[in-house]
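Novice: Here's the letter readout for the chains.
Protein chains: 4
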Amino acid sequence: MKLWQKENTLNKEVEKFTVGEDYLLDKKLVYYDCLASIAHAEMLGKIGILTSDEVNKLTNELQNIIELDKKDEFVIKIEDEDCHTAIENYLVKQLGEIGKKIHTARSRNDQVLTALRLYYKDELINVSNNINTLKSSLNNLIKKYGHIAFPGYTHTRKAMPSSVKLWSNAIIDSMKDNDLLLKSVLKIIDQSPLGTAAGYGVPLKIDRDYTAKKLGFLKVQENPIYAQNSRVKFDASILHSLNQIIFDLNKASSDLIIFTMPSFEYFQLEKEFVTGSSIMPQKQNPDVLELIRANYHKILSYEFQIKSMGANLISGYHRDIQLSKKTMMDSFKIINDSLLIFNLIISTIKVNEKKCKQAMTSELFATEDAYKLVQQGIPFREAYKIIAKKL
Amino acid sequence: MKLWQKENTLNKEVEKFTVGEDYLLDKKLVYYDCLASIAHAEMLGKIGILTSDEVNKLTNELQNIIELDKKDEFVIKIEDEDCHTAIENYLVKQLGEIGKKIHTARSRNDQVLTALRLYYKDELINVSNNINTLKSSLNNLIKKYGHIAFPGYTHTRKAMPSSVKLWSNAIIDSMKDNDLLLKSVLKIIDQSPLGTAAGYGVPLKIDRDYTAKKLGFLKVQENPIYAQNSRVKFDASILHSLNQIIFDLNKASSDLIIFTMPSFEYFQLEKEFVTGSSIMPQKQNPDVLELIRANYHKILSYEFQIKSMGANLISGYHRDIQLSKKTMMDSFKIINDSLLIFNLIISTIKVNEKKCKQAMTSELFATEDAYKLVQQGIPFREAYKIIAKKL
Amino acid sequence: MKLWQKENTLNKEVEKFTVGEDYLLDKKLVYYDCLASIAHAEMLGKIGILTSDEVNKLTNELQNIIELDKKDEFVIKIEDEDCHTAIENYLVKQLGEIGKKIHTARSRNDQVLTALRLYYKDELINVSNNINTLKSSLNNLIKKYGHIAFPGYTHTRKAMPSSVKLWSNAIIDSMKDNDLLLKSVLKIIDQSPLGTAAGYGVPLKIDRDYTAKKLGFLKVQENPIYAQNSRVKFDASILHSLNQIIFDLNKASSDLIIFTMPSFEYFQLEKEFVTGSSIMPQKQNPDVLELIRANYHKILSYEFQIKSMGANLISGYHRDIQLSKKTMMDSFKIINDSLLIFNLIISTIKVNEKKCKQAMTSELFATEDAYKLVQQGIPFREAYKIIAKKL
Amino acid sequence: MKLWQKENTLNKEVEKFTVGEDYLLDKKLVYYDCLASIAHAEMLGKIGILTSDEVNKLTNELQNIIELDKKDEFVIKIEDEDCHTAIENYLVKQLGEIGKKIHTARSRNDQVLTALRLYYKDELINVSNNINTLKSSLNNLIKKYGHIAFPGYTHTRKAMPSSVKLWSNAIIDSMKDNDLLLKSVLKIIDQSPLGTAAGYGVPLKIDRDYTAKKLGFLKVQENPIYAQNSRVKFDASILHSLNQIIFDLNKASSDLIIFTMPSFEYFQLEKEFVTGSSIMPQKQNPDVLELIRANYHKILSYEFQIKSMGANLISGYHRDIQLSKKTMMDSFKIINDSLLIFNLIISTIKVNEKKCKQAMTSELFATEDAYKLVQQGIPFREAYKIIAKKL
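Protein chains in written order, with my numbering: chain A, 1122 to 1512; chain B, 1122 to 1512; chain C, 1122 to 1512; chain D, 1122 to 1512.
Everything labelled a hint here was simulated from the structure, so no lab data went into it.
Be aware that a few hints might be false.
Copies of the same chain look alike in the list, so a pair counts if it works inside one copy or between any two.
[What the hints assert, rightly or not] The calculated PhoX-like cross-link candidates involving lysine-lysine, where the alpha carbons are at most 25 angstroms apart (straight line), are: (1) 1476 to 1137; (2) 1326 to 1133; (3) 1340 to 1286; (4) 1334 to 1264; (5) 1506 to 1221; (6) 1506 to 1475; (7) 1256 to 1133; (8) 1265 to 1335; (9) 1264 to 1511; (10) 1340 to 1304.
It should be emphasised that the depicted structure is a prediction, and the values quoted were computed from it without experimental measurement.
Please put together the full structure from these sequences, using the hints given.
Specialist: Here you go:
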């Protein structure tokens, strides 16, 4: 029995189609929904809708669900549709009439929003931690190899001298800004939607400050229409901030794919990181870097999906948006996997000092040569032309 | 042991990351790879690389794999990485030295391309069949309700009279053009890549016409570099042709979401097709239509993913593109599910003749009124102004 | 006075915002609208709405507009909004009452659709011609340099021997398939929308076959709702077919950016094709290739703009779609410019035989070596391992 | 003569293709480049590369250019390529040898970055101001009509009571968060790239803090590789923050398109805001809202253009990115125009209290009815079912 079900049943084909993978995905949300339900039950006690005995029984059973879930023993069936229904059904089964009261003053819509938002907050902090781990590894790379110079490129052409330090610090600085953006987004989404119900509030005086504080939200998201409309927007902002991170990994991987080519070999991947070819005995392929590079496009397309899916629709919840759940969960997995694997690469990669040195050919110093003339008093534009003629 | 493996092993984390879900996805390709391997083995026999006994043994075992696979008993392990490796490992296990000969004159790259292309061809025909089923249902809808007039809209404003027939035929005609495009794309991709190896051919005289004919391809894809480069392009063209189909479903669903609103109710969904709300007892929601509408954006984002993933890369295979396998498989599922569910809706939807009639208000006939004046000899532009003033 | 205007005037800010650049863009459509208007006037004569004298006067003035337009003397003012209004206003000014009759039995909507479709047909043929020019230049490149071998790459790593011929033919074959797709799309869109009015036909017996034949369309687009809904779809299909073309240019440019690096220099750009740096005297940058590469992403984004803009909307015209006009016109310009410039590059590029030869290092022949063992009877998988160990 | 030109000239076709519209677009950047050049000249004076007399002459001429530009009299020719060249050419023409010294210790690359970033900062503040204007207008709407209730929708179905106040505040709250994000992005990009040259610094001790402070940047962007790589990222973050704003306008316009339908008419657009049809005398179309809605998709596609264009490329400047200049400038125009026009609508729109009241039908109160039972002690889930049965 679903939360919204009355007499009639849903066509089986339609049920399969509409439920989709929700009942599987929601495993990730059981914990968060229980937290929100506990806060909600306590609030209902505080405003006198539930007795303190009812509150205790409900919170105990919700704690039980959390424990079951930890042991992977809380099951969501396809007929349950999602974790919210499964949890309410469990409470009704355990507590009878009391279970039927948990849904007072809320809608599944704000349950979904609240559980997702708590989940997002944890995941964003995860990502931020993985960023920091990568920054440490890059700093270690600098300690080991930072002094080694190799060519800097513009237009995929040798330009001026670069170095392992310069290259690594570019990623570090970029990751710092990524983290700033991530934290800004985290702060913006850190609003409690609990109590906005289906987007138009509930006809009961509830204490939204209480649940917001209890759940650790920075503030209450006051406007219930905005609570619904913000789902697409917050998803999009999260994906954009993840996109900025994996853009850096895309670029760094692109660098390393070129810089580890045998023709250059400024960097060398560990043997156990490269893959071969089924036909060409000699091949040592950087598949791992190519897949990180490719993952950027997955995230990018996911961001586009959410942003196009949510457009041209009037205010208020639409089922369309439910599809974003999997998209968001996949995105966090892709980002965290990519950060961890890229971190593994940075932690083990070797710099080939000899090859770097060989590559530092004279044209890289043409600008320096021009500046030597500048320091003898020749205007830069003249100096530039003098050196250009010599090349 | 993977097809490309020599001594050294792959880092476990990297293996997990690079293999991804391939070993699961490839269940769909076992059958096609076996077909291609049989054709390949026979060709090797024909050009004298294999004896006819070897060919027989190989094709027998490949047939066995097909049988196992039908019973869902052919397992691809994560260490196998993909179906191609699993199949070769099976052959070596069963046939020893003979198994080691199956990979002569081919690369895993052309195996992947060939298996995928055979799979695509079957799926495209599936889609085409589902289009035809929907066209039939729409024709049935016309038979039942076609004569009923309801308002036609422009700018989401009542414009001129429309009808169930006109509306249904718009979808039918659009689906006919979708099918034309699908067939054009099918024809373009119907080229055998088998024998292009890793993108630069094989240093052996092989008979590519033989395998192409045997596998039912329209022609040989001659150029091996193009064989590789065409993967992204063909994937993109398939996705575009699927996108055109689901665009129609997105629009028709958007129509029905509006036309089934209680305020209009030109159409009525079966009770067993609507879902309710967990908080609002009265709600009857068209989730099923919203999800079809939303699926359009999944396909759109997948198309964008492939098209952006494959760009800015030089010729030749890159591992990036392997990620498109899941994207393509998911897309076929989404399209076919959406077509079938939309077909179910069209087969069961009711037209409310009374509500349609009520909605045929006078302003819908303003153009007709103007044309009555035109037929009395008044220039259209004058007639238009006369009628406009009256409204 | 706009075609739809009655008494009240449009707010000036709103007019500026809604007209946008239409009055400028429509210069490209004056000719096509005149052709369509001539066909329309003749048809009105044929069915007795206009006298033959009226038809003659209208067609004469429309021919005059075509002549004025050729000399760039037909002006569309911002108050005219678009070419359709400007043309009707001109006819009314010249012919008085007769001019007011030209709009009988049509809507601006089908004028826009018809003019655009005629314009698209011409532009698609243009593109096809530019494809053919490029194929010729590639064939000339093969004649001159085709025999020269250089390394083929997979995973951006040397793989097996390639050659100028193989590389050029990959582009030629791909362009042939592009042309097939383009022609398929051209055939699908080659339907006359004239007579579908605002999407629900006209309350008059008109002869749509006559105008379709007169304008050179393959067939009549029967269903008026589909005529409107197909705009987004046909725009999208055109953009997809253009996208396939510029994908090839993106890849070929990516190849050439790498292959012209001084470290490889298999190919050399003419001096007058490279640009320099304002600070680094030595730089010779392939900006021209980079911009062709980048243009791919413009087309890609335009395709997704149309595809996302048109979604989640009910059937029938929406003003949203008017924005696609500029997008389509820009796209044709980008494609044609890119094809012409890439053709110029291919016509002038040099192949450095010496550098190519130097790059043909032994690992490229590892597969060939393995096949020598195969021909001595060693199973391929063994041969592969023997050679791998030697490397 | 371009900044990078030596002896040889650029092929005319290639010049036209590579310069594109830069020479026109750069009108918007002349002012900012002059500011940056003045700061740069003063810094060169401070570190002893220029004499104070040279600095004075240069800054005077740069001030002259600013004045000329204000009067629209500073011309950038196509041969100049961009504003940076035009400005240096002007200085050389006016000051001879001294003019040739202005380019000391910088590259055109950091000029472009610096000018763009100053321009972005101003434009972002513009956007923020336009957001605030809209918030005021919404507050006025609340003052006038806020108390009026009309139906709230979920799944495009009547759900629970909403009101003008609730609806308006949803936009206001969303715009507040948009502004927070905008300001976060503004803070992140507020880093001075001046002095990073072509991405690898300059071989001179320059005072980057001085120029950064002088130009009003929050801080110096230390790493020169990151300065280059951040261009795509910062552009993308700006576009994302603009996207969030226009997403709200897309949704609010979608609401108003439905809510102004004659069948609902909760809101009414001013007569001078609606457009008509050329064939249907009765039509009053909300083109202005449709175009705002459509503009969302322009911004969305622009964001994806930048994000896909910049991917799969190694570190360092590529000419590809130059194409983003027009994209960014167009985006600011679209956002500001859309905000201003939407503000005009909100400032003039009428609420039809009578129609709103009529629409407040009983099913909107089903949830309230259920809660009346809850307050009589019936568990919510029971109350829900009791009410559902009555409907």
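Novice: Against the earlier hints, flag every one the structure doesn't satisfy and list their numbers going up.
Specialist: Going through the list in order, the structure violates hints 1, 2, 4, 6, 8 and 9 and respects the others.
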